[in-house]
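Residues per chain are reported as follows:
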Amino acid sequence: MLVLSRQRDESIMIGDNIVITIVDIRGDKVRLGINAPSEIPVHRQEVYEAIQRENLRASRLEPKDARGLGKPTGPASGADA
Amino acid sequence: MQIRTTRFGALHIEAEDVISFPTGLLGLEDCRNWVLLADAQNNALGWLQSASRPEVALAVVSPRRFVPHYQFRVFRSELAPLELADVRDAQVLTIVGKNERSITLNLKAPVVINLERRLGRQVVANGDQPVQHELTSQPAPLKKSA
Numbered sequence: 057m058l059v060l061s062r063q064r065d066e067s068i069m070i071g072d073n074i075v076i077t078i079v080d081i082r083g084d085k086v087r088l089g090i091n092a093p094s095e096i097p098v099h100r101q102e103v104y105e106a107i108q109r110e111n112l113r114a115s116r117l118e119p120k121d122a123r124g125l126g127k128p129t130g131p132a133s134g135a136d137a
Numbered sequence: 375m376q377i378r379t380t381r382f383g384a385l386h387i388e389a390e391d392v393i394s395f396p397t398g399l400l401g402l403e404d405c406r407n408w409v410l411l412a413d414a415q416n417n418a419l420g421w422l423q424s425a426s427r428p429e430v431a432l433a434v435v436s437p438r439r440f441v442p443h444y445q446f447r448v449f450r451s452e453l454a455p456l457e458l459a460d461v462r463d464a465q466v467l468t469i470v471g472k473n474e475r476s477i478t479l480n481l482k483a484p485v486v487i488n489l490e491r492r493l494g495r496q497v498v499a500n501g502d503q504p505v506q507h508e509l510t511s512q513p514a515p516l517k518k519s520a
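In the order they appear, the protein sequences are chains A and B.
Numbering of the first sequence is given in the numbering used here, commencing with residue 57 and proceeding in unit increments.
Numbering of the second sequence is given in the numbering used here, commencing with residue 375 and proceeding in unit increments.
Honestly, the hints are just simulated from the structure, not real lab data.
Treat the hints loosely; a few may be bogus.
Here are the in silico distance ranges between beta carbons for each label pair [stated by the list, open to error]:
#, chain 1, residue 1, chain 2, residue 2, range
1, A, D80, B, Q465, 39 to 47 Å
2, A, G83, B, H443, 33 to 41 Å
3, A, D80, B, D404, 15 to 23 Å
4, A, I74, B, L385, 40 to 48 Å
5, A, T77, B, N500, 15 to 23 Å
6, A, I68, B, Q445, 30 to 38 Å
Residues from chain B shown here face chain A by an in silico Cβ test under 10 Å; the list is partial [as the list claims (entries may be wrong)]:
#, residue
7, M375
8, L399
9, Q415
10, N416
11, S426
12, R450
13, S451
14, A483
15, L493
16, V497
Even for Gly, the Cβ is constructed at its ideal location relative to N, Cα and C.
Turn these sequences into a full structure, and let the hints guide you.
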């Protein structure tokens, strides 16, 4: 992994159209500004990991679990007690 | 062609029934080909069944049936591979999960399908959408008697 030292307000370029700027550093928290073309998705890594976990968990769902899905919200029918 | 499934037995499907997810789904990257099935008992429910892995199926619903005001925004790049002529033609489905308390919907990463081109993709919505949006299976108890 490439490791670079940067100070506040300094930037890193990735390719010729992604710029990552150190906006602020406070304690153990760094705020990054990311300038990238809109066709490049930018998300926190833990978001991807949460989705991976959720997909794997969901892929083990059995029909009997999913069929517990109630009637769509809206006016409650109250008929299926 | 025939596909094997652990939940629904052997299924006879036509080649054009297959929906291709060129990059798979997160955590299920090897599953590129899926079939969308209607649930036999619950008409709000569908199943995305992997064509290659019999044990992999995802329960899916139209999110607006359960979360009427659901909206999400994604980067343009997320939808580009779907070759949609018009984004309004996209079929949006959310994956059903389950935690200790209730059935959940993954509102953070909906599945978007171009039914005409048989192309699908799981997108990551921007902003604060929950991965596990809990659906209370029972209507909320009334606080006041009417």
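I'd like to know which numbered hints this structure contradicts. Please list them from smallest to largest. The structure conflicts with hints 3, 7, 11 and 15, although it agrees with all the remaining ones.
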